[in-house]
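Chemist: Chain A is fixed; fit chain B onto it per the hints.
Number of protein chains: 2
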Amino acid sequence: MSEQNKKMVEAITAQEVDFAQWYTDICTKAELVEYSSVKGFVVLRPYGYAIWENIQRDLDDRFKATGHQNVAMPMLMPESLLKKEGELVDGFAPEVAWVTMGGSEQLEERLAVRPTSETLFCDHFSHVLHSWRDLPMLYNQWCSVVRWEKTTRPFLRTREFWWQEGHTIHETAEEAIAETEQQLACYADFCERDLCIPVLKGRKTDKEKFAGADATYTIEAMMKDGKALQSGTSHYFGDKFSRAYDVTFAGRDNTLRHPFQTSWGTSTRLIGAIIMTHGDDDGLILPPAIAPIQLVVVPVAAHKPGVLEKARELKERLGKQFKVHLDDSDNSPGWKFSQYEMKGVPLRLEIGPKDIEKGQCVLVRRDTREKYFVPLADLETEISRLLQELAQNLYNRALENREKRTWSATTMEQVKQLSAEHTGFIKTMWCGDLACEEKMKEEAGLSSRCMPFEQEALSDVCPCCGRPAKTMVVWGKAY
Amino acid sequence: MSEQNKKMVEAITAQEVDFAQWYTDICTKAELVEYSSVKGFVVLRPYGYAIWENIQRDLDDRFKATGHQNVAMPMLMPESLLKKEGELVDGFAPEVAWVTMGGSEQLEERLAVRPTSETLFCDHFSHVLHSWRDLPMLYNQWCSVVRWEKTTRPFLRTREFWWQEGHTIHETAEEAIAETEQQLACYADFCERDLCIPVLKGRKTDKEKFAGADATYTIEAMMKDGKALQSGTSHYFGDKFSRAYDVTFAGRDNTLRHPFQTSWGTSTRLIGAIIMTHGDDDGLILPPAIAPIQLVVVPVAAHKPGVLEKARELKERLGKQFKVHLDDSDNSPGWKFSQYEMKGVPLRLEIGPKDIEKGQCVLVRRDTREKYFVPLADLETEISRLLQELAQNLYNRALENREKRTWSATTMEQVKQLSAEHTGFIKTMWCGDLACEEKMKEEAGLSSRCMPFEQEALSDVCPCCGRPAKTMVVWGKAY
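Chains as they are written, first to last, in my numbering: chain A, 623 to 1101; chain B, 623 to 1101.
Derived by calculation from the structure, the hints in this document are not laboratory data.
Wrong hints could be hidden among the right ones.
It does not matter which identical chain is used: a pair holds within one copy or between any two.
[Said to hold, decoys possible] Dumping the calculated DSSO-like pairs for lysine-lysine here, alpha-carbon to alpha-carbon at most 27 Å:
#, residue 1, residue 2
1, K661, K862
2, K1061, K829
3, K945, K686
4, K661, K706
5, K932, K686
6, K686, K942
7, K1092, K1061
8, K651, K937
So here's chain A without its partners, still in its complex pose (with noise of 0.2 Å):
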């Protein structure tokens, strides 16, 4: 490895030594983000604002096929709005940044930037709702958010982050729930497919649920370190805040009436997830679905007669079908591969002098380094293949990983000790009280992650106070 190659892998620390540091040098190395000028905001790169806008385009044709629509809200409300509803206000207040002065005038009421905007969606439907023919509205909103945080992790923890907020009211009930149930298997299965990562789905304890909300509905992913990572939350009101907000119709027996609610949201936290649940000591690994590169094109010996034109022309052959990416610069082959590996290509490409006499070229993958040298005439084929068959070995990793760091327990000596020994989920049964999830914090420093749909009976008692069991919990450490 030449001098450059190494100083470059060594820039990253590894995954061993310290996760967390790691986790940093991918973020800015790999350059998806940088540390801005302004505390607690960070800049998304090209190469991270492009897997954001991957994200973005497929979850978008996803809702737009369950016939959400995508509208745009102020980025500003006023005080007396969002205190509106006593819960919400509660549960963001301390994390609101406020506008106070437009222009050179003192503003007579302060404005927040919004945390979450279910307050100005309330208000629109309150002036645009009418009858039950109006329902469901089914609206969706991709955008920024501020919440004033005290530290800062890229993607995980910013005081500006990128999302989309879906917000709907329904005439029923039953309609309304179905809604958060559809738009969280939407988001499992989004983060199955097509980012390789296995996530656990259920429902919030009332600790650890969305201010206001009646049921907040979770899917939980476990990172390498055992960590786990809140990945996409799907909320039910009730007509909680369509009563506080004064959200009304006229019913199908002419009755007013007052619709019910959702909202569900996910973030650029899911390249967080991303980062932490495929990548390595050499650099990120991407799912091939949000790749801004699926296969970057490396010509070996660059300067010997056909080289580069082969390589552009596989470019240009290859580029009706895949994300390419030609790298004619002239960097040394070996920077260039632990360039790419470093952004987490999935698949390189290596052509040469040798390999154009023999009608063929190298294809190397990204999280096995298997070589393959395959021939032209079939590259279109095996390139699909290989990408496929990365994206299945990034899932069964990411599988194994969480199954081998999930373990049960029946009394608290055993959480304790496992919590001490290990990072990863731990499932018990629970008595529902708020004073056993708050000792099951103290004492073994776990947090509730979720109430999973796929329920076990581990036992009949709950392990922190003996008394019946009503539900099995996954508890863990979390980001």
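Modeler: Just chain B, lined up with the frame of chain A:
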């Protein structure tokens, strides 16, 4: 016409009666926007946002085809960062919204909600630019910005609006200037081809240029009422900003240099331009390229056997090639005709029992009201042809309006008389002095729209001062 249809049509003010009120009526009755409860802010409703999404997709493809990449910058910036370039802050300070609190804590330094992002891009460039090999950096951002306007007109003047802002840096002044020209040409081509809006291309006078720019290029459209709408601008900054923000790179000769910079933007204003260029007393007329619905299928006598089935079959079939909406609600056909005319849907397809018998249907153009009886077998061909003809007709009508409302003048007397009698473009020569430009405003109520790239020699002297003329200017009243 039924009572219900009449009420609907009557609800729009006629253009002749009050063009401004007609415009506002369209914005709300075609369900493009809603005035939000946040003063000066609007909600983009699904139909309005869908138009914006189509504009975004189209422009984004064009930007990417010329090598631009999207990024996301922070929405807030410290006052000290904004102040580094004097002219920029002087230009924007009076209309900045200021965040002074984060959570419950007073900020040490207040943060501006971005009114435009030159400063943030410069700051970023100063961190990531190293060598001439990194150039050019061709970045773009889709976002909303906030400017504390006193008045509110949807799409034209709101405290928040949605736009794209391109920001690029280059090794040489020539390359940067070529970029501003390329992007202006891109805007012009998009407006003329896809929005069917003819535009004048030219350069802004110093008085009208962007705060801090060396040169601002603009495309100016003329609305039906003769007023001008600035529809896109492209700015050349020289190295002024890169000096102010200390953006440097190692040049080919290994000396430290400042890159040359551009920015260019267009916004949801374009929707205002579409409304006021093409709309009529029955509502919007949308150019096919950006219409959320290109063709609406309206079943007639839908209760008769086979009608709805046929309508659904046509929707399915035509949906493969066009953006088709089937309205199978139980509203009357007459109500539906009015509704989709209001929404500017380019083509209507009517299908009833007699049509089915004859193996035909009726197509109605939104722009000319012409009816076409079309054999079902020929539909795709006929729809393509009619959409093309409609687009061409929209463009021709707009061009005709502009030509009818464009005058030349060589004396102040002529200018004042023309301006008193008409609203439109007035072409004169100009000496280049600010004093004469201000006199045009005071005495004739006109502002300079641009110095067109296509110059004419109308006379040798400036009509204001009689001194030698330097250039031809197009003057007008602007939105």
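Chemist: Is the C-alpha distance from K932 to K686 at most 27 Å within one copy, between copies, in both cases, or in neither?
Modeler: between (41 Å within a copy, 25 Å between copies)
Chemist: When Cα atoms must be at most 27 Å apart, do K945 and K686 count as within-copy, between-copy, both, or neither?
Modeler: Both, since 24 Å and 14 Å are each at most 27 Å.
Chemist: Within a copy, between copies, both or neither: where do K661 and K706 come within 27 Å Cα-Cα?
Modeler: between (31 Å within a copy, 18 Å between copies)
Chemist: Can you tell me if K1061 and K829 fall within 27 Å by alpha carbon in one copy, between copies, both or neither?
Modeler: within (13 Å within a copy, 68 Å between copies)
Chemist: For the identical chains here, do K1092 and K1061 meet the 27 Å Cα criterion within one copy, between copies, both, or neither?
Modeler: within (17 Å within a copy, 82 Å between copies)
Chemist: I want to check one pair: K661 and K862. Are their C-alpha atoms no more than 27 Å apart within a copy, between two copies, both, or neither?
Modeler: between (36 Å within a copy, 26 Å between copies)
Chemist: Between copies, within a copy, both or neither: which fits K686 and K942 at Cα up to 27 Å?
Modeler: both (26 Å within a copy, 16 Å between copies)
Chemist: Please sort K651 with K937 into within, between, both or neither, judging by C-alpha distance up to 27 Å.
Modeler: Within one copy, since 26 Å is at most 27 Å while 50 Å is not.
When the structure is compared with the earlier hints, no violation turns up for any of them.
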